[in-house]
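Participant: Chains as they are written, first to last, in our numbering: chain A, 7 to 170; chain B, 2 to 323.
Treat the hints as calculated values from the structure; they're not laboratory data. Please note that the accuracy of each hint is not assured.
Stated by the list, open to error - Listed below are the simulated EDC-like cross-link pairs for lysine to aspartate or glutamate, each with C-alpha atoms no more than 16 Å apart in a straight line:
(1) B:K57 x B:D35
(2) B:K50 x A:D109
(3) B:K57 x A:D62
(4) B:K273 x B:D235
(5) B:K168 x B:E202
(6) B:K268 x B:D235
(7) B:K169 x B:E75
(8) B:K268 x B:D226
(9) B:K79 x B:D114
(10) B:K49 x A:D49
(11) A:K67 x B:D13
(12) B:K168 x B:D35
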Amino acid sequence: MEAALATLAAAMREGIAPDAKLVGIYSGGAWLAERLGEVLPGDHPVGYIDVSFYRDDYGKKGLRTHVETTTLPFEVGGNRIVLIDDVLFTGRSVRAAINELFDYGRPESIELAVLVDRGGRELPIEAKYVGASVSVPPERSIVLSRHLDGSLELSIEDDAGAVR
Amino acid sequence: MLKAVNPQLNADGALQHLLTLEGLPADVIGRILDTAVPFVSIAERDVKKVPLLRGKTVFNLFFENSTRTRTTFEIAAKRLSADVINLNIGVSSTTKGETLLDTIDNLVAMNADMFVVRHGESGAPHLIAQHLSASERSHIHVINAGDGRHAHPTQGLLDLFTIRHYKKDFHGLSVAIVGDVLHSRVARSLIHGLTTLGTPEVRAIGPQTLLPTAVESLGVRVYHDMREGLAGCDVVVMLRLQSERMKGSLLPSAGEYFKHYGLTAAKLALAKPDAIVMHPGPMNRGVEIDSAVADGEHSVILPQVTFGIAVRMAVMSILAGS
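Please put together the full structure from these sequences, using the hints given.
Facilitator: Structure (structure tokens):
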């Protein structure tokens, strides 16, 4: 987990614009954005986005039980945005996040940074900055969780719960 | 059997229709209030719309007039990207003899996804919900926008949301509801919601003629003296005095009513220093509330309107996704 985060931070340090704004996708991406905001050099304001109102599975699954408030403490219009998520899989959350960002304004650019790329894309979306690429069976999910002390942990889970 | 008791919930306990706050579990109410929070900020964006109800058709069926409630439901549905049709039934088909359920069946044939119903008769939205369920059309949702003297659940929810917004928690609160509780579906819905969420003290203040005889059975303490009733309370909810109440023998005059039950700065001073003042609108200034109080620093009457849209968006998006 820390190795993947270090790899991701190093890639972003190289690539992102000095005035880039970080936007973490709730919940895992939000924790990562917070951490990255601290470790990246320069001043990169951090915002948070909850894509529940833009998800394409609402018609199938309904509204999520807990929806956070999207908080972007900067203008989206005209700014360079780096979207941050924990796991890139189908690409659907990223699609929803891009749609939501455009309802705040017309960004100058949007880049994507993810801690883990597990493949399995269903949309033409790729990350520019990646912490680690892993292969996981489709019925399992990679879950980022945050402990009470603020430390982050990656685990692989199936319906029965954590396997490792 | 459970379904007959609470037709608002489906077999999984999820909200299917919103008909009344009576008997609605605390976790269902809590989820609606929680979901409304992120909707408040949608109104502050460039694009005040989210795509949740895109392609859905919401019918506002108002058998009784109400500009504010109809408008806030219309705005809520539009901000969710639904198509909204407003039907003022009072001047439409029913005057030609069509029954309520025939009207519903015709609108269902036009592929309605949701009905928002305001009706002068208690139980009309209930009847529509049962009719839809009985005919296996339970994917169509019904929201009660006020029925007779029975219930006005979205107003109750927005009142709860407002109280929670300013007071954070219900557990230490004393809430006073002042005025015509007898005829008020707003008061009834709020009392049920407050009780379910664990508010320790709910007070009803008004003349004997305007308080229901068994109001204590709802868990409410009754006061006929407003000064006594307001003492030390955190929230003051003023009810609208409908002018038609003055015609019978219920009340002597508007002036007399204001003297005893109108909220003035002097009376409000008896409540806690940080008390909030609410009113469901439309207000009668100088009848139930003094202008200085209505526009004063304790008043949260206009935020109530803003929150009302977010709460209705929350209800619609939870229903349409179930």
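Participant: Quick check: which numbered hints come out false for this structure?
Facilitator: 1, 7 and 10
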